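Chemist: Sequence:
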Amino acid sequence: MPRSFSLYVHVPFCTRTCPYCNFYQVRHGEGRELAFTRAVPREATLLREELASADRDVETVYWGGGTPSLLGADSVASLAEGLADVFHVRPGAEFTVEANPGELTAETLRALRAAGANRLSLGCQSFQPERLSFLGRWHTPEQNRNAVSDARAAGFDNVSLDLIFNLPPELAASGWRADVEAALALAPEHLSLYGLTLEPRTAFGKRAARGELALLAPEAYAEEYLWAASRLEAAGYEHYETSSFALPGRESAHNGRYWSGADYLGLGPAAHSFWEGRRWANAASLERWLAGVESGRLARELDECQDPDSLYAEAVYLGLRSRRGLELERLRGEPTRVLAFRQELLRAGLAREGGGRVVLTDRGHLVLDEVVTRLLTIAS
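Heads up, the sequence shown is in this note's numbering, so the first residue is 181 and it goes up one at a time.
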């Protein structure tokens, strides 16, 4: 089969900023939406002209953000049609759209399905009012449930739910375990569990710098993560990546391509691309990005060819995130040192037998960064 690539579209619009969010976003408006949906296919055309091999088929499509579900039905149709005019998407390709449960309408769902979307990722984050309030989310637990029900009615048979753990101790009573159970009751095909982090430029990060906010102790973080992993595995979900759990056959194909080092193109402000060893990032500014598309000279904040050492380090990190792990023969360094470290991981319960691979266990995923550092040290 000819080589393919994945397509990511960053839809930057939000109605407000969540205090933990570190992604580029701007306030939604009809004028901005119209300019964006017109510019994305133009950017795609410019990229196809720039990259001689961009005539390959698209294997997966992902609209992230921001809040892609804020797009109106006409914009959804226009954007999908515009991209289809530039790139050939393989029939049946996984096409994921992120959505906010509190701002998802039946009309938008119908428009997304008509445009070819077949997978929905819902940013539920929690099913407890106290936890949603802390996270700055303005939807309700009932809206989470309604969003899943509406998605099913619109024909989505592949739904993923996001949940956030590692909230401050004072919120423990309202329950991480209750969140997991509430999500399971909706029978999603996929669940993503994210430990809250305090990014410096976010509202939470600034509060933490002032000493006004602290998260769980490492032991409590580990307890929440390991309990959830065990509970989901007992319910039939496969832990196929550090943060990701899916029913058999329902893994995210798009994210899987990221983790395997496959080529992808990112469209929209702040979107990243990786193409045949070259990496670039679009300007994190809607105005600069639009101006670049209009002028035919795409505005980028990063554009570099990855050196072999950087590519190796990334391959180690991404490989260890997935259940496939890393082949021992692909690891750099003196073989006996690599094998000795693998045995150390096995004895500590951080890795399992994987047919000539380093494959992390649930406990191993908790110390992923430390494992990667050791392997890179062995390679140096």
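Hints may contain errors.
Label-pair distances were calculated between CB atoms; the ranges are [what the hints assert, rightly or not]:
{"hint": "1", "residue 1": "Asp237", "residue 2": "Pro428", "range": "23 to 31 Å"}
{"hint": "2", "residue 1": "Arg532", "residue 2": "Glu379", "range": "27 to 35 Å"}
{"hint": "3", "residue 1": "Ala520", "residue 2": "Ala461", "range": "37 to 45 Å"}
{"hint": "4", "residue 1": "Arg480", "residue 2": "Pro515", "range": "39 to 47 Å"}
The hints are simulated quantities; they were obtained by calculation from the structure and are not laboratory data.
Because the structure is a prediction, the values reported are computed rather than measured.
Cβ coordinates follow ideal geometry from the N, Cα and C atoms, glycine included.
Chemist: Determine for every hint whether it applies to the structure shown.
Modeler: Hint by hint, here is what the structure shows:
no.	hint	in the structure
1	Asp237 <-> Pro428: 23 to 31 Å	holds (26 Å)
2	Arg532 <-> Glu379: 27 to 35 Å	holds (32 Å)
3	Ala520 <-> Ala461: 37 to 45 Å	holds (38 Å)
4	Arg480 <-> Pro515: 39 to 47 Å	holds (41 Å)
Hint violations for this structure: none, all hints satisfied.
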